[in-house]
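Asks: Sequence:
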Amino acid sequence: MRKLLIIKLGYSETLENSIGRTVNLGDVLRTTFILHYFKDYYVSWLVDEKAVPLLEGNEFIDRILSYQECDLNDLFNENFDIVVNFEKTDEILSFCRSLKTDEFYGFKDNCSNKNGTLFKSTQLLFMSEHVENRKKNRDCWQKILAEAIGKEWKGEGYILGYKPKTEKNYDIGFNWTTGKRWTNKSWPNNYWKDLELLLKEQYSISWQQGFDNLNEYIDWINSCGLIVTADTLGLHIGLALKKRVLGLFGPTSPVEFSFYECGTYILPDSPYECISCFNTTCNKTKYCMEYIYPSKVKEMIEHELKENISSGKI
4 MRKLLIIKLG YSETLENSIG RTVNLGDVLR TTFILHYFKD YYVSWLVDEK
54 AVPLLEGNEF IDRILSYQEC DLNDLFNENF DIVVNFEKTD EILSFCRSLK
104 TDEFYGFKDN CSNKNGTLFK STQLLFMSEH VENRKKNRDC WQKILAEAIG
154 KEWKGEGYIL GYKPKTEKNY DIGFNWTTGK RWTNKSWPNN YWKDLELLLK
204 EQYSISWQQG FDNLNEYIDW INSCGLIVTA DTLGLHIGLA LKKRVLGLFG
254 PTSPVEFSFY ECGTYILPDS PYECISCFNT TCNKTKYCME YIYPSKVKEM
304 IEHELKENIS SGKI
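Under my numbering, think of the first position of the sequence shown as 4, with each following residue one higher.
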């Protein structure tokens with residue numbers, strides 16, 4: 004059986020020219036769609052320990068390697084048919100140079116040039132080099148990543164290994180928190196409360212649960228018919244579970260998402276020209292997310308619940 008090594012720890016957001024140590028769990032989950040292309044391979048996935056629960060139980064991953072626990076030197080003795088690297092840290096780039104592989108796709112020597120087999124001339128590399136390039140993009144993440152590894156995206160979805168233990172108990176879930184890095188993705192707390200007042204007479208509502216346990220978080224999302232969320236992990240989990248999803252976008256772009264006919268998004272009704280700026284901080288007195296009003300969200304929720312296209316969950 005042919006062997007594949009995927010390196011996606013979650014440190015580097017694939018379409019950004021940035022490197023950190025905060026694990027982007029959503030970036031890990033949204034990368035799982037590439038497993039559809041390697042169903043006949045023995046697949047190893049190197050990932051940060053915090054993201055392991057997102058991969059556990061995945062039928063297309065044969066070996067999950069926790070970055071904190073595995074000995075990278077052991078991998079130097081293995082022969083891989085294909086290595087795919089989506090990370091840009093110096094340690095991982097150095098590690099990749101020593102791997103034995105017939106084919107290599109990804110970041111290899113640095114994140115701007117001299118990369119692996121196909122990243123040299125791809126849209127992925129072009130977008131990750133400068134944020135202005137990313138702002139011009141009109142293709143979704145899956146199409147861009149598939150192209151970077153020599154594949155064609157034909158609607159393949161995320162693959163979540165964990166099987167939720169819950170049934171649907173609520174009409175609507177409020178996935179109200181955001182990650183520490185992108186605090187400007189947050190929708191104001193008072194808007195969430197106003198939205199609840201607008202909806203509670205007609206729908207059952209649940210506020211986000213499972214803050215300290217990924218599986219409990221997934222169980223909570225599965226218990227809701229529709230998820231209202233900013234551009235966060237919850238959005239990706241909702242799509243993986245084929246839930247109705249309503250995404251609230253401001254500093255990031257919904258263009259990069261395929262909603263798989265399971266939902267839609269709202270952009271701010273804002274006077275600003277900088278929407279989808281891809282900046283993690285904002286110097287405006289009033290953030291763009293404050294221009295997404297609860298009345299508009301209510302209107303979109305009612306439309307989504309009425310349409311109920313393809314998810315069959317509500």
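Read the hints as simulated data drawn from the structure, not as lab findings. Computed from a prediction, not measured in an experiment: that's the story for all the values here. Take these hints with a grain of salt, some might be off.
[Unchecked claim] EDC-like, lysine to aspartate or glutamate: derived pairs with alpha carbons at most 16 Å apart:
| # | residue 1 | residue 2 |
| --- | --- | --- |
| 1 | Lys-53 | Glu-219 |
| 2 | Lys-154 | Asp-142 |
| 3 | Lys-103 | Glu-81 |
| 4 | Lys-301 | Asp-174 |
| 5 | Lys-6 | Asp-51 |
| 6 | Lys-245 | Asp-142 |
| 7 | Lys-168 | Glu-219 |
| 8 | Lys-166 | Glu-219 |
Asks: Check the structure against each numbered hint from earlier and tell me which ones fail, lowest number first.
Replies: Result: hints 5 and 6 break, sorted rising.
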